[in-house]
Amino acid sequence: MVRLRRSYGAGPVHLAVTVLSLAVVAYSLYRVFGELSDPLRFLIWFGGAIVAHDLLLVPLYAVLGALVVRVTRSADPSNRMRVAALNHVRVPLFLSGLSLLVWLPLVLGKGERSYMSASGLSNDVYFERWLVLSAALFLGSALLFALRLRRLRTMPPA
Amino acid sequence: MPFLRPLRIPDVGPFRREFWRSPLRGPWLASFLSSALLPLLAICTLTGFLSHAAYDTDLGRNAIFGDRHGFGLYGFDWPTSPAWLYAATQGLHVISGVAATPILLAKLWAVIPKLWENPPVRSLAHALDRLSLTLLVGGSLFVLATGIINIQLWYPFGFSFVPAHYYGTFVFLAALGAHVAFKLPLMRRAFAKNGVFRPLRDDLAQTEPEPDLEEHTSAPASPALPTVSRRGMIGAVGAASLGLGAMATGQVVGGPLKHLAFLAPRGRGRGSGPNDFPVNKTFASVGIKRPMVGPDWRLVLHVGDERRVELSRAELLEMNGAMAELPIGCVEGWSTTQVWSGVRLGELARLAGANDPVELEVRSLQPRGSFSKATLNAGQIAHPDSLLALKVNGADLSLDHGFPARVIVPALPGVHCTKWVGAMVFREA
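Protein sequences appear in the order of chains A and B.
Quick note: the first sequence uses the numbering used here, first residue 1, plus one each step.
Quick note: the second sequence uses the numbering used here, first residue 1, plus one each step.
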């Protein structure tokens, strides 16, 4: 047991659970290769999802977030007004960006043909709808900020 | 001797622990987000398997991939009651998947420093952990992304969606099982130390970095000052999850709530007429020639290999009719309830002289496609609300909704409610 822990880095339960888990993964991939007409595309999408998230999406929103901090000049968190301004930009930006990400095919008008042949409708309304939603989010947030500003001004600093 | 020696790579960029500065990250935040994520993923997975069961893949050619069972040895016939069963389970599948997405992304944000941990590999066990986590991250993103893209009717994959989504789920579940088993103790320690909800009470001024419970967590080594409280961050993620979930819900519940489906793909009607509810395959797209559904159209009833009866639409309309208000639920997570009228499937079985049919294969005039035929089980044939519908809401079916005749059966997945029916084959026990 001590030898296993030293050479492997964890106990026997860890090894057993890992082996079991990887066995299920291996069997799933065996089925994928047996049944999908193009199993390589499966692997590309699987790996692509990781790369797209970890190496594209995360750096992208991190940089965007840092930009917002700079623009609202709220690097000094003791300034409550600036921090509030930051969050009143950051939250609608997050919600708008996320709804863009989730409904990206519709907003960009992807799959126009298949959308039409399924529903009999054009999917060209979604870009406009996303703009309307984003505008509403930013406007609502700005209104809330205006209301909060009045309160923040009358409060003593922390 | 260790199987793998820890190899430290130069402390540059994100490989430095000091690079990751958010004071919100730590075991409590990761555990809290996981606790919100797990029930949603459980609902999503369970309803996904129920959808597979709803296709009754052991009947006829209902299995559209794999052998008849694949992983799923369900062993029960899909029921006909309640009538909204499939609309509800598949609605929940899409709602929970869409609602889980912001929480998954937040959770990945909370633990992203671990992607860059240094040394990258400490032992063989650690290497396997990281492999398993790669499969977990890839699996969860893969199933959610393919599902979300598919419901928007865009098919850029280059593989067929159903088996990929199905087997991708097994990769995801296998990795998730191991992850939960290994991380449950850490989650318990994080909740024991901080309480499950206590950090939500802190406003911005009270927000402190999480203490490192042990060596390798996502808590920052040199935290910055916070610009948002934990409850602020969780509130924004929760609002995103609720908002997206509400959009998906609008596609299922209808009524005034259908306006919630603002950005959801299938929340739009086509007008206010009896046939203006949403459709999942238009007549124009399936390649049926117009004369095939003209006055010469006949419904042909078979029992086994024997051709028994031919009926014109007029003859069907003269038969003992029935009416049923039934939802039709799409695998893409939207549904709509309409009043259908036509002839009971049981009545057609009697007319064809089929005694206690155990299966009914319904064939569409549609020349191709996975769903140009579907096989129904005995309970579905016998249910008094199971119809070969000729009309909807008092008007003739439109071509898009399956004129001259379509199947509608309580709780049956929409794609199995075959449209443009040309023939029905009853099979006796």
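These are calculated hints, taken from the structure and not from any lab test.
Predicted model, so just to flag it, every value in this text is computed and none were measured.
Certain hints may be false.
For lysine to aspartate or glutamate, the following EDC-like pairs were computed, each having C-alpha atoms within a straight-line distance of at most 20 Å [claimed, not checked]: (1) Lys258(B) with Glu128(A); (2) Lys183(B) with Asp212(B); (3) Lys373(B) with Asp77(B); (4) Lys258(B) with Glu325(B); (5) Lys114(B) with Glu128(A); (6) Lys110(A) with Glu128(A).
How the hints compare with the structure:
no.	hint	verdict
1	Lys258(B) with Glu128(A)	18 Å, holds
2	Lys183(B) with Asp212(B)	15 Å, holds
3	Lys373(B) with Asp77(B)	18 Å, holds
4	Lys258(B) with Glu325(B)	19 Å, holds
5	Lys114(B) with Glu128(A)	39 Å, violated
6	Lys110(A) with Glu128(A)	14 Å, holds
Against the hints set out earlier in the document, a violation occurs for number 5 only.
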